[in-house]
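Once you know that position 237 of the sequence shown is 311 in this note's numbering, the rest is easy, because the numbers rise by one and skip nothing.
Treat each hint with caution, since some may be false.
Keeping only pairs whose Cα atoms sit at most 30 Å apart, straight-line, the calculated DSBU-like set for lysine-lysine is [stated by the list, open to error]:
{"no.": "1", "residue 1": "K288", "residue 2": "K131"}
{"no.": "2", "residue 1": "K131", "residue 2": "K229"}
{"no.": "3", "residue 1": "K247", "residue 2": "K273"}
Rather than coming from a laboratory, the hints here were simulated on the basis of the structure.
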Amino acid sequence: PEAMQGNFAKSPADQLILKDKDPDYRVLNLSGGSPFNETSNQTAFWHKSIGGYHAAKLRRYQELINFYLDNECQHLSEAAQKAYAQAAADSAQLAARGIRSQEQLNAYVASTFNTDSVTPVLNMLNMKWVILGNGNIALQNAHANGNAWFVNEVKFVPNADAEIQALGKLDLKHQAVADARFESLLKGATDGQGRIELKHYAPNELRYTSDNSKDGVAVFSEIYYPGWTATIDGKPVEVARVNYVLRALRVPAGHHEIVLTFRPASVTTTEYIAYAAIVLLIVGFLFAAWRQWRTAGETTDEQETPVA
75 PEAMQGNFAK
85 SPADQLILKD
95 KDPDYRVLNL
105 SGGSPFNETS
115 NQTAFWHKSI
125 GGYHAAKLRR
135 YQELINFYLD
145 NECQHLSEAA
155 QKAYAQAAAD
165 SAQLAARGIR
175 SQEQLNAYVA
185 STFNTDSVTP
195 VLNMLNMKWV
205 ILGNGNIALQ
215 NAHANGNAWF
225 VNEVKFVPNA
235 DAEIQALGKL
245 DLKHQAVADA
255 RFESLLKGAT
265 DGQGRIELKH
275 YAPNELRYTS
285 DNSKDGVAVF
295 SEIYYPGWTA
305 TIDGKPVEVA
315 RVNYVLRALR
325 VPAGHHEIVL
335 TFRPASVTTT
345 EYIAYAAIVL
355 LIVGFLFAAW
365 RQWRTAGETT
375 DEQETPVA
């Protein structure tokens, strides 16, 4: 809301990131303290923050933070510091490259390290931008996995412990891991050469188009949560969970529209109750009006009847 913007002044990094017109990406703020316990909510106000907007997290997401993300944030911060130090030590190279502004320096630094080897799980969460310094530096991460992607292989494991352990051993751009209870939804050959693109983003609905020459499993960089439903070309399909926290669907070959919608049973039940209450209210109103009309008619008849 505009009334609150005065409490969250845009930093130089915010201003740069907000120029990005991609409909859905996430931002990691390493400019001060833990990004997963940000007290000001500055990042979440302007962006889709990997750190979230509340200290309380979904249990699985908190476990992912403890198991991988905290370490990856530390490694990313160290890699960025090292890259800036190396750039500062070689001013001649910067001049030869025509680097004159801070923005040019940031882009150069971002290009010098491959985050696939440093932050594979953060990349899986579509970390496209990283805020550093005092909020004045924004680095674009060219190695983010994106909104959704097809994988070449899905590995199935017997339980949650095995699933979270496997994340650290896979190429998360081309492989996925799932609990065995989702095998019936995802099993079969999968081709990672297809393309899937986010066309529309809203908090309760996401629309994608997919093009793939063979059947494949698509991984969506969205948190798996009860209440999310999916359709492919209007036909309902069941959402599976992969990579401990993300959603996945088995997508047939061809061109398709995929829609993910948040429709929890509790909301549906509440809507039915509300509709029923409205119908009863209307029926009650019509019945009261009919009673009033009937009473008025009987009174008129009595007044017009002559006395014998």
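To see whether the hints hold, each was checked on the structure:
1. K288 - K131: 37 Å, violated
2. K131 - K229: 27 Å, holds
3. K247 - K273: Distance of about 21 Å is within 30 Å: holds.
The structure does not agree with numbered hint 1 stated previously, though it agrees with all others.
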